[in-house]
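Residue numbers (numbering that gives the first Met the number 0), protein chains in the order written: chain Z, 0 to 159; chain S, 0 to 159.
Keep in mind the hints are simulated off the structure, nothing from the lab.
Take every hint as true, because none was put in to throw you off.
All copies of an identical chain are treated as equivalent in the list; a pair is satisfied when it fits inside any one copy or across any two copies.
Simulated crosslink set (DSBU-like; lysine-lysine; CA at most 35 Å straight-line):
| id | residue 1 | residue 2 |
| --- | --- | --- |
| 1 | 7 | 52 |
| 2 | 144 | 7 |
| 3 | 147 | 7 |
| 4 | 52 | 147 |
| 5 | 32 | 144 |
Nothing here was measured: the structure is a model prediction, and the numbers come from that model.
Number of protein chains: 2
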Amino acid sequence: MPLEIERKFLLSAFEPPPTAVRRRIEQGYLAIKADGTEVRLRRIGDGLVLGVKRGVSPSAGSPVRIEVERALEEREFTELWPATEGARVVKDRYTFEASGVIVHVDVYRGELAGLRTAEVEFDSEAAAEAFVAPDWFGAEVTGVKAYKNQTLATAGLPES
Amino acid sequence: MPLEIERKFLLSAFEPPPTAVRRRIEQGYLAIKADGTEVRLRRIGDGLVLGVKRGVSPSAGSPVRIEVERALEEREFTELWPATEGARVVKDRYTFEASGVIVHVDVYRGELAGLRTAEVEFDSEAAAEAFVAPDWFGAEVTGVKAYKNQTLATAGLPES
Chain Z
0 MPLEIERKFL
10 LSAFEPPPTA
20 VRRRIEQGYL
30 AIKADGTEVR
40 LRRIGDGLVL
50 GVKRGVSPSA
60 GSPVRIEVER
70 ALEEREFTEL
80 WPATEGARVV
90 KDRYTFEASG
100 VIVHVDVYRG
110 ELAGLRTAEV
120 EFDSEAAAEA
130 FVAPDWFGAE
140 VTGVKAYKNQ
150 TLATAGLPES
Chain S
0 MPLEIERKFL
10 LSAFEPPPTA
20 VRRRIEQGYL
30 AIKADGTEVR
40 LRRIGDGLVL
50 GVKRGVSPSA
60 GSPVRIEVER
70 ALEEREFTEL
80 WPATEGARVV
90 KDRYTFEASG
100 VIVHVDVYRG
110 ELAGLRTAEV
120 EFDSEAAAEA
130 FVAPDWFGAE
140 VTGVKAYKNQ
150 TLATAGLPES
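With the hints as extra help, turn the sequences into a complete structure.
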């Protein structure tokens, strides 16, 4: 079970590098609990996934999350998907290496069009802390609730 | 993916038949949605399961539910279990054949002690409708919200 340690940044502009792998992601939330625990369905490329995430420390801003994922069959996904109505996100994810780390840039679609974020995953909290964001990264939004996908899916884009 | 068609009855008394297989079930809910969709963790005997159930017709009383289940590793289960606090059920399940059908009798433990139910699963709605409950079954509670495990886990025993 992966322990997810990641930092997240806004991007004002983004030009995918030629090496980037692009995948369409559609995800919908079956549940979002007050403590931040989420249960989601995700279609990523050809993959269908049921995932549960839970913050190790429910306090805001903790970059460490527990994630459990299991593959679903197409029919299972299709039958469960309607239960995510009103809590969905569609985005294109570009994955590539930059500044010595793997970066996932998410370009949101639909009602969230205009939002772009970059996520970097780390093996340890020490590595996460040591990371220096490249110039083309904007404001850091790690742990900022308004920019969590579960919030974007239900509340839309932040006001400002 | 199993389509679950079942009927559920209260039992005033229960003496397990010698052929019954007994398993302890501990289950906790990660999420219970307004439409009845539930996400649960279940320890049944040695098995650890993540399950999602969704009613095909969200209208009350429909006996047909979609169920998706996936095995979890012990560590995954342990890490996610705390998120079910305040929404748990412990019961002993006795499974055996009676009146030509497979019956699951649940004898609840802990705060729900005293409650006993019998569940019968069917292959079709026609079979479910044709089923005649044996004498030792009490009131039918199929689809009755107060006796759903998700309600018992959060609200406790019904008043009456």
